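**Student:** Work the whole structure out from these sequences, hints included.
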Amino acid sequence: MKVSFDFEPIDYMIELFHDVKKGIAVNPQTIDKLLSHDAIKQMIKHYNRPDGSNANIMPEDLKHVFLNLDRENLSSENDFLIEFHKNLKDKFDRLDELESFLKQLKEKQEEITNFAQKKLQRFLPQGIDFEPRIFIIFTGYSGGYFVGNDITLDLEHISKSLDKVASTIAHELHHIAFNGIVENTLLSGQLPANKNMLAELIAGLAGEGIAYYCVGGDPEKGLIGFEDNPDYQSDLKRWKSYFQEVNDVMLKLLNDELTTEEFFGWASKHMSKTFGAINMVGIKTIEAIYRAGGDGEVLGVVENPAIYVRVYNNAATYLNENKKTDYPLFDSRLEEVFG
Numbered sequence: 026m027k028v029s030f031d032f033e034p035i036d037y038m039i040e041l042f043h044d045v046k047k048g049i050a051v052n053p054q055t056i057d058k059l060l061s062h063d064a065i066k067q068m069i070k071h072y073n074r075p076d077g078s079n080a081n082i083m084p085e086d087l088k089h090v091f092l093n094l095d096r097e098n099l100s101s102e103n104d105f106l107i108e109f110h111k112n113l114k115d116k117f118d119r120l121d122e123l124e125s126f127l128k129q130l131k132e133k134q135e136e137i138t139n140f141a142q143k144k145l146q147r148f149l150p151q152g153i154d155f156e157p158r159i160f161i162i163f164t165g166y167s168g169g170y171f172v173g174n175d176i177t178l179d180l181e182h183i184s185k186s187l188d189k190v191a192s193t194i195a196h197e198l199h200h201i202a203f204n205g206i207v208e209n210t211l212l213s214g215q216l217p218a219n220k221n222m223l224a225e226l227i228a229g230l231a232g233e234g235i236a237y238y239c240v241g242g243d244p245e246k247g248l249i250g251f252e253d254n255p256d257y258q259s260d261l262k263r264w265k266s267y268f269q270e271v272n273d274v275m276l277k278l279l280n281d282e283l284t285t286e287e288f289f290g291w292a293s294k295h296m297s298k299t300f301g302a303i304n305m306v307g308i309k310t311i312e313a314i315y316r317a318g319g320d321g322e323v324l325g326v327v328e329n330p331a332i333y334v335r336v337y338n339n340a341a342t343y344l345n346e347n348k349k350t351d352y353p354l355f356d357s358r359l360e361e362v363f364g
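For the sequence shown, the working numbering gives the first residue as 26, with consecutive numbering after it.
Simulated from the structure, these hints should not be mistaken for laboratory data.
Do not take every clue at face value.
[As the list claims (entries may be wrong)] With beta-carbon atoms standing in for the labels, derived distance ranges:
(1) Glu282 to Pro75: 12 to 22 Å
(2) Gly48 to Glu287: 44 to 54 Å
(3) Leu276 to Gly48: 21 to 31 Å
[Unchecked claim] Computed list of lysine to any residue pairs in SDA-like fashion (alpha-carbon distance at most 20 Å, straight line):
(4) Lys298 to Gln151
(5) Lys294 to Ile39
(6) Lys111 to Gly168
(7) Lys70 to Lys262
(8) Lys262 to Asn345
Since the model is a prediction, treat every value here as computed from it, not as a measurement.
Even glycine gets a Cβ: it sits at the ideal position worked out from N, Cα and C.
**Tutor:** Below is the structure:
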């Protein structure tokens, strides 16, 4: 596996930001270079996902944002773009600090990628190999995401520490590898639409849980690295109600009671949040699986995502009976849907 950084997009953005702060017109050529970069093409693809932000944006929309960075507010009928513009403007006050961190990141990039790969390989089967690029940019929303085999990271999100960079890279790399496994196992057959959506939801729960709790976090200590995040603490208090909501959605999918539009609308609502039901239930269910069976049980789910519900129910039952925990259980009908 060869992991490489690409700093061009963040360098272009910072150049635009400096022009705005100096009170001079932004350079249209810099904007064109930025818009033609793969990082922006992948950003548009990511934010337009129907099960994600569903932003419905085009390159010219982002150009409108970049050309108007000197304005306090953006004039647009698209709420996503208004928030995107606001989030970029919020970086201005921290620009010197963020540039200083970027310099450290460029100097330490080899150490960071080596550490990320070490964290990643613990929770992946042997023999998985790919060569991802890591784009550094201001995403305007997400802390990090992947498209294909490439990762995009928000500079401000990762600026907490270089360890945070490595953990976030490992998190996103695991998604890429895990999705490949899912395609070759859980989604390899010709499934009816309802079961295909159920399989995607199961893969999302397991994938997010493993990436947050095991790969990006510190499973021995039970920490995911977001304990000081108010959104995480708020959703942590709600996780059991989220669990019931997810269980209900899974049963509706099993019984073919949700349309594709309804399911993706529900998924988009939660995936557009910092955490939401899918991430939170994934984290807590993988927590139970790790607490009950360690690396081996988690790797079992990685290699065969179809067993996720059954492995979690077994882990939760064991912990509830022996460790006085109170993990909820998925409906038993969901355990054997995919064999």
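**Student:** If a hint holds in the structure, say so; if it does not, say that too.
**Tutor:** We went through each hint and held it up to the structure:
{"no.": "1", "hint": "Glu282 to Pro75: 12 to 22 Å", "verdict": "holds, 20 Å"}
{"no.": "2", "hint": "Gly48 to Glu287: 44 to 54 Å", "verdict": "holds, 49 Å"}
{"no.": "3", "hint": "Leu276 to Gly48: 21 to 31 Å", "verdict": "violated, 58 Å"}
{"no.": "4", "hint": "Lys298 to Gln151", "verdict": "violated, 33 Å"}
{"no.": "5", "hint": "Lys294 to Ile39", "verdict": "violated, 31 Å"}
{"no.": "6", "hint": "Lys111 to Gly168", "verdict": "holds, 16 Å"}
{"no.": "7", "hint": "Lys70 to Lys262", "verdict": "violated, 32 Å"}
{"no.": "8", "hint": "Lys262 to Asn345", "verdict": "holds, 19 Å"}
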